[in-house]
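Protein chains in written order, with the working numbering: chain A, 2 to 395; chain B, 2 to 395; chain C, 2 to 395.
One or more of the hints may lead you astray.
Same chains, same label: a pair holds when it works inside one copy or across any pair of copies.
Pairs of lysine-lysine, DSSO-like flavour, derived with a Cα cap of 30 Å [unchecked claim]:
| no. | residue 1 | residue 2 |
| --- | --- | --- |
| 1 | Lys261 | Lys16 |
| 2 | Lys25 | Lys355 |
| 3 | Lys248 | Lys301 |
| 4 | Lys395 | Lys245 |
| 5 | Lys190 | Lys355 |
| 6 | Lys344 | Lys138 |
| 7 | Lys386 | Lys5 |
| 8 | Lys13 | Lys283 |
| 9 | Lys248 | Lys5 |
| 10 | Lys138 | Lys355 |
| 11 | Lys294 | Lys322 |
| 12 | Lys261 | Lys25 |
| 13 | Lys289 | Lys16 |
| 14 | Lys294 | Lys16 |
| 15 | Lys355 | Lys381 |
| 16 | Lys355 | Lys324 |
| 17 | Lys283 | Lys248 |
| 18 | Lys294 | Lys395 |
Since the hints were made in silico from the structure, they are not lab data.
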Amino acid sequence: MIDKELQTLIEKLSKLNTSSMSEKDFFLTWEQSDDEIDAVFKTADILKRMRENNISPRIFDSGLAVSIFRDNSTRTRFSYASAANLLGLAVQELDEKKSQIAHGETVRETACMISFLTEAIGIRDDMYIGEGHTYMKEVADSLDQCYNEGLLHSRPAMVNLQCDLDHPTQIMADTLHLINHFGGVENLKGKKVAMSWAYSPSYGKPLSVPQGAITLMSRLGMDVTLAHPEGYGLIPETEAIAEKFCKQNGSTFKKTNSMKEAFENADIVYPKSWAPFSVMQKRTELLKTGDEKGLIELEKDCLAGNANYTDWECNEDLMKKTKNGSALYLHCLPADISGVSCKQGEVSEQVFNKYRNLTYKEASYKPYIIAAMIFLRKMKNPSVKFEELIRLSK
Amino acid sequence: MIDKELQTLIEKLSKLNTSSMSEKDFFLTWEQSDDEIDAVFKTADILKRMRENNISPRIFDSGLAVSIFRDNSTRTRFSYASAANLLGLAVQELDEKKSQIAHGETVRETACMISFLTEAIGIRDDMYIGEGHTYMKEVADSLDQCYNEGLLHSRPAMVNLQCDLDHPTQIMADTLHLINHFGGVENLKGKKVAMSWAYSPSYGKPLSVPQGAITLMSRLGMDVTLAHPEGYGLIPETEAIAEKFCKQNGSTFKKTNSMKEAFENADIVYPKSWAPFSVMQKRTELLKTGDEKGLIELEKDCLAGNANYTDWECNEDLMKKTKNGSALYLHCLPADISGVSCKQGEVSEQVFNKYRNLTYKEASYKPYIIAAMIFLRKMKNPSVKFEELIRLSK
Amino acid sequence: MIDKELQTLIEKLSKLNTSSMSEKDFFLTWEQSDDEIDAVFKTADILKRMRENNISPRIFDSGLAVSIFRDNSTRTRFSYASAANLLGLAVQELDEKKSQIAHGETVRETACMISFLTEAIGIRDDMYIGEGHTYMKEVADSLDQCYNEGLLHSRPAMVNLQCDLDHPTQIMADTLHLINHFGGVENLKGKKVAMSWAYSPSYGKPLSVPQGAITLMSRLGMDVTLAHPEGYGLIPETEAIAEKFCKQNGSTFKKTNSMKEAFENADIVYPKSWAPFSVMQKRTELLKTGDEKGLIELEKDCLAGNANYTDWECNEDLMKKTKNGSALYLHCLPADISGVSCKQGEVSEQVFNKYRNLTYKEASYKPYIIAAMIFLRKMKNPSVKFEELIRLSK
């Protein structure tokens, strides 16, 4: 039974063109081909089934999986550790506070020094606009150079665990949840998704989740509506990408300043707070100059701004407006739940409780998405490797 | 030789009723049946022998062992890491300072998020009276719920690494030491143990060790004497449990305010400092309200109180009063040794030096006790599994 | 091909007398025999080749590799983690801030408590003159005692990850780089090496690298010149050792206060900053007494002293003076590069850029050197074990 299901998935994977995946890192979903995106979903599903059936997907006998977290994290930290462990790697954190890595030391040197026996590097760097993705590319280029010059025996797989532009492990986990929930990626075509800003009493939440959502969901043929109060726009480049994908797919990309409008007849809703792009830009400048006073000012202003929109809460009234009143609610967690984790937040307790288990299910895909990204970066013939692993397990 | 010894232990294990162990966590020894307690001892002994004879007890191909330490720890941290590693798991610490886990985030969500590929969770939470055990049960209930709702593929084994009520991994390690020292659990019947308070210049040591000791040792048929200065009583519930067990066993449970009386003719002495229950209750309140000034006051008062009892020191004069002057000295380490780690402490240098190696031996059982708890929680047929592991090693 | 190369190395290893290596730790290169030093180089080369050819050198099924870092570290931390992982061990850090280990607790107790299932312990302790090596020996003696008394089933391999006297994993990695660069250890005989102080705007860099260099390189038959400004001498004991080795080998050991003189006709240059021995002694005293003011004074004085020697920079003019203007440049990294990591530093940007990749190559040997030290400490018949591992991989 499992054999047959696995076999079907592996056959589908074998038909995808994954030949360049072992040569490039997974930083932004829009840099990947359709087949490559699909291969990650299929590989994650295969890995999940293998584990659930005690078939070891351990492809490494030894090796480190380095993690660099420039922002706090529980979910992503545990997902990365789980993915690394599943494939046979040991996590070694590069804690820049514990280490000699100062600004003066070149990224290139550090990248090489931590990589001699390393098979994967995961980075979370989402605090500064214009920085996270740039930093990851710098690390990637350094690794390429060191590898090409014979200084590294193997080129570590890099995984973007969240940057200023995209949050691919989150969004692909969210989307794999959609695929399995709606019974196949083909069923996502024509679905209407509302990616909406929601009120939160906290401040400075990154833009990468909504940006990741509109760019990937538009690509899979969904009608995307982006809703936020005026002034809370995303990085324009990412909105343009979503628009382009919708045009290609003959689907629609709409922007609105009304949460209600976005929810109207939606199949899927993703209500989540974020900081306005303009605030993030100012914040980046202030952080760079170390302007503590300016940062406090900005936070005050921003929270005051947010406070105008406390009615941007995903509640039962709004949910009633969705398709059959039963759109699927998504969240990357933790959600700011009104009356639970804060006085007034992104979602009412009633709505969240109804969807709680589904959001946990959504989160459960992340370790497998991360493992899939590493697997595809390191295995030239992923389907052949899977067949070998299954054979070995018998 | 080893084969025969192992075979005997495995046969004994196979005769114990362990059928519910894979369904419940190991939080308090008094919640476990006699067979279940015995199974942990047997399994720990089997694991120790296997390792010492290079027979791999690795039952997991991959998986995380999460640790949550709400109090500092060296011994327990290393014991847990050793146990996890022995069985094939990788330790991942949940550091609540590094993570997004604030008080607002529900325990249930966190429990689920860290458990998607997790096989064990160990928690140490002994600072607040009325909290540690409650918290562990909350995590356990959350895991059950998530598992029952299909959100987790496997239910992680939870291990109590010390709570406000009990310290089962410590006390069972202490007791396995007694079993091996006295040549069998049956030889512990009728032995007289003195669980005695002892003076320490530090303050606020948890109650879980003496509580764990009197409840488990009374159960195994020992005559238990609990000695402490007036006002230094344990949580009444645990004293009642010890009394009940003694009654069942026809052994005695005595309380005294004289260390000397407790030592009189004792086979085993466990002199160790702890904070009075009433102080711990006050402290819990003050910690909850964040009353820094009150905490300093309380510490001052408590240390002044302790200072009345500096003569509660386990020294050679006292040891002479024990059975043949040679009772076995127990300590969970580190001990406050007079003239070594402090001016005046729990035990004189002479006494400690005489028993030093034996206390190290006592400590050496802890990794195996922890591994045994995980093993029994995860393996439905432990003896069958052991036989398989031994077969595979050949 | 690889088989033949590996076979040759293993045969060479089998002819070395390594019989005492499983009984002693690797603390100071000058405590090891010539064969033992050579065995580390050979074993490191074998391990590197095995990994690069997917032959698993995993000798442990489970077990901890404890690390104790009393100073910050990225390179050494990652090298140790890589080495441990390569051999099958899980790293467990002993963080003395997180743990109960205070000064009052004896080293012996801690050593035993962390070692019940531990196969390796790596320590970095280079801050205090007269302390690091002494501390390591104390730990080693404690482990021996615990092992001999039957408290530990296995004696963990200890590795000196840098002490006040020597930095053997660094220097042996540097030297293995030389061996492979010059085509064999026999080709190092008669080579002229300049171990030179260089200017750095930072302060208090340890002496262990230059001390390690002059003692090991003199031993391998090189002509060693130690250059530094007046007053920047090393611990006299180590200079005496270098002198003795040169005498034995008929090579020369020179001291000079001129960087230029040292570079004259050198085959190898190692320009690196360090703090004068006398300053380190004073600093040790001040740190011990916690004299914050004195420490600030000392730093100010020392930096003012350094500032007299900003011309001690390894630049192209100086490099032209070396053998054919093309001596091999060594550095343990990170280097203070003028105009890059600081205004004025140990090496000019031009020189560093020319040798950058070679310094990365130099660093790449460290994980294998550490793994070799553990391997040789734990395997009584290293060559036989290697043959078994190769057989198993087929």
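Status of the hints after comparison with the structure:
1. Proximity of Lys261 and Lys16 under a CA criterion of 30 Å is satisfied in neither setting, with 42 Å inside one chain copy and 65 Å between copies.
2. With identical chains, the CA atoms of Lys25 and Lys355 are at most 30 Å apart between copies only, with a shortest distance of 28 Å across copies and 40 Å within one.
3. Taking CA atoms no more than 30 Å apart as the test, Lys248 paired with Lys301 passes in neither setting, with 39 Å inside one copy and 66 Å between copies.
4. In the homo-oligomer, the alpha carbons of Lys395 and Lys245 never lie at most 30 Å apart, since the shortest distance is 47 Å inside one protomer and 52 Å across protomers.
5. Taking identical chains as interchangeable, the C-alpha atoms of Lys190 and Lys355 lie at most 30 Å apart only when both belong to the same chain, with a minimum of 25 Å there against 55 Å between chains.
6. Taking identical chains as interchangeable, the C-alpha atoms of Lys344 and Lys138 lie at most 30 Å apart only when they sit on different chains, with a minimum of 27 Å there against 40 Å within one chain.
7. For a Cα distance limit of 30 Å, the shortest separation of Lys386 from Lys5 qualifies both inside one copy, at 17 Å, and across copies, at 29 Å.
8. Proximity of Lys13 to Lys283 under the C-alpha cut-off of 30 Å is found in neither arrangement, the shortest distances being 47 Å within a copy and 64 Å between copies.
9. Proximity of Lys248 and Lys5 under a CA criterion of 30 Å is satisfied in neither setting, with 38 Å inside one chain copy and 60 Å between copies.
10. In this homomeric assembly, Lys138 and Lys355 come within 30 Å of each other (Cα to Cα) only across copies, at 24 Å, whereas the closest approach inside a single copy is 41 Å.
11. Neither within a single protomer nor between protomers do Lys294 and Lys322 lie at most 30 Å apart by alpha-carbon distance, with minima of 43 Å and 54 Å respectively.
12. Taking identical chains as interchangeable, the C-alpha atoms of Lys261 and Lys25 are never at most 30 Å apart, the minima being 41 Å within one chain and 47 Å between chains.
13. In this assembly of identical chains, the alpha carbons of Lys289 and Lys16 never lie at most 30 Å apart, being 47 Å within a copy and 60 Å across copies at closest.
14. Taking the closest pair of Cα atoms, Lys294 and Lys16 never come within 30 Å of each other, the shortest separation being 57 Å inside a single copy and 69 Å across copies.
15. Proximity of Lys355 to Lys381 under the C-alpha cut-off of 30 Å is found in neither arrangement, the shortest distances being 43 Å within a copy and 35 Å between copies.
16. With identical chains, the CA atoms of Lys355 and Lys324 are at most 30 Å apart within one copy only, with a shortest distance of 16 Å there and 65 Å across copies.
17. For the identical chains of this complex, Lys283 and Lys248 are neighbours neither inside a copy (32 Å) nor across copies (66 Å), given an alpha-carbon limit of 30 Å.
18. For the identical chains of this complex, Lys294 and Lys395 are neighbours neither inside a copy (64 Å) nor across copies (65 Å), given an alpha-carbon limit of 30 Å.
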